[in-house]
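The listed protein sequences derive, respectively, from chains H and G. Just so we're aligned: the first sequence equals residues 155 to 271 in this note's numbering. Just so we're aligned: the second sequence equals residues 2 to 329 in this note's numbering.
The set of hints was computed from the structure by calculation and includes no laboratory data. These figures come from a predicted structure and were not determined experimentally. Even glycine gets a Cβ: it sits at the ideal position worked out from N, Cα and C. Careful: at least some of the hints might be erroneous.
[Stated by the list, open to error] Covered stretches of chain G (in silico footprint by chain H; criterion: 3 or more residues with CB under 8 Å from a CB of chain H, positions within the stretch not fixed):
(1) 135-141
(2) 292-305
[Said to hold, decoys possible] No farther apart than 25 Å at their CA atoms in a straight line, the calculated lysine to any residue pairs in the SDA-like style are these:
(3) G:Lys-214 to G:Lys-191
(4) G:Lys-191 to H:Ser-245
(5) H:Lys-234 to G:Gly-168
(6) G:Lys-297 to H:Asp-241
(7) H:Lys-236 to G:Trp-205
(8) G:Lys-123 to H:Thr-253
[As the list claims (entries may be wrong)] Listed next, with one range per pair, are the computed distances between beta-carbon atoms:
(9) H:Gly-231 to G:Gln-302: 41 to 51 Å
(10) G:Thr-242 to H:Asp-197: 29 to 39 Å
(11) H:Lys-267 to G:His-212: 26 to 36 Å
(12) G:Glu-160 to H:Lys-267: 51 to 61 Å
(13) H:Lys-243 to G:Lys-214: 51 to 61 Å
(14) G:Pro-106 to H:Gly-231: 25 to 35 Å
(15) G:Glu-291 to H:Pro-209: 54 to 64 Å
(16) G:Asp-208 to H:Val-269: 26 to 36 Å
(17) H:Asp-197 to G:Glu-301: 27 to 37 Å
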Amino acid sequence: MRRKLFFGGLVVALPLALAAVILHPTRAKSDDTKASPAEVRVDNFSFGPDTLTVPANSTVTWVNKDDVPHVIASNDGLFKSKALDTDDKYSYTFAKAGTYSYYCSIHPKMVGKVVVQ
Amino acid sequence: MAKRNLFDPNPSGVIEHDHNNDGIDRRGFLKCMAWAGTGALCVIQGGVLKSHALASHMGSQMKSHKLGELSFVQISDSHMGFNKPANPDVIATLKAAVDKINALPEQPEFLLHTGDISHLSKPEEFDNVDQILKATNKQIFFVPGEHDVLNDDGAMFRERYAKNSKGQGWYSFDKNGVHFIGLVNVMNLKAGGLGTLGSEQLEWLEDDVKHLKSSTPIVVFAHIPLWTVYPQWGWGTEDSTQALSYLKKFGSVTVLNGHIHQTMQKVEGNVTFHTAFSTAFPQPAPGKAEGPGPMKVPAEQLRSVLGITDVNYVQGRHALAVVDSSLA
């Protein structure tokens, strides 16, 4: 009886642990960058990484980790987010290859690039 | 631009660290500082004693109870809606600023708000500020900060605060012989750049001052500094030199800005530049942190780094007296 219970616990726990590894966003990112959406952290008035390289059709997500809002805007007007408050996110899917320069439209010293291959 | 040290070398006004080699040091400002030669006096200190300090520096020409022909107050960067550790209660500190204004020995005729009224351009944030400032019973003139024009290119700001303005919200008016110019430098910012006035506004400005006598005192107010404080953090305005070139003929030009959440002054020829305290949270001195974001100070020190600016104009004096006082 004890043995069976223990085994049953393993059966439940193992898939849960696996699921946690696969679904946890930061783990998923470091384990497999191709399969997960690319992320740019907006922190301390800068973009990290400031140049991000992704394959075509990738969705890039910016997440604001600052205590003040930021606005993600491409230099040529192709995309522009609403104001992102702390922990807000904005995503854009890059269909074609090219270099896309962007900045924060309210703190224009903040600049970054997405290189789509 | 020529840079020189104009500050009174008295012990309380000593510039301790001049990192930018421009005669300006924040620690020096935060004590007590005066500059000579222009007739302007600026005292940075906490508490209500500032008018006495002003009067004692300027002698019998300026009594604390009768400072001059025109008195007004600048407040800035209320950031209503901000609730992070640097100040979880911006309502309380704005109310403290109102109390400070209402306690001034000489009541200002009106207020200037140099932008970032709200944190996220939300109607309820503007409503809160309006409600709190109502307790001053004063007319208030606003210019927008970048936080006031999020998402709608400033349409809501203009509808609320600048109905009769030109272009994106700029305007001018006259009070007691002083010409006031409210400028907008937080719109259409270019990647990698600083604040921007833009050609349409510059043309308007040139025309606005063309017919004024050169003896007219000028006060320019705008959110982002109209002098280059620290370009690495965007603390400056791309085309401010052009704007200031239209003001060269005037004997007295006072430029009042916000945005950097700390007091700074600089005098260049006929122009006195000044930035005001925020009523919400402090920001680091230029280059003193990794970025210019909100700075957390111990709770008991917060009100010593927030404040208001009292400005007095006395007929016949060359420049306006600008006095910062903290909320402590």
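Any of the earlier hints contradicted here, and which numbers?
1, 3, 7, 8, 11, 12, 14, 15, 16
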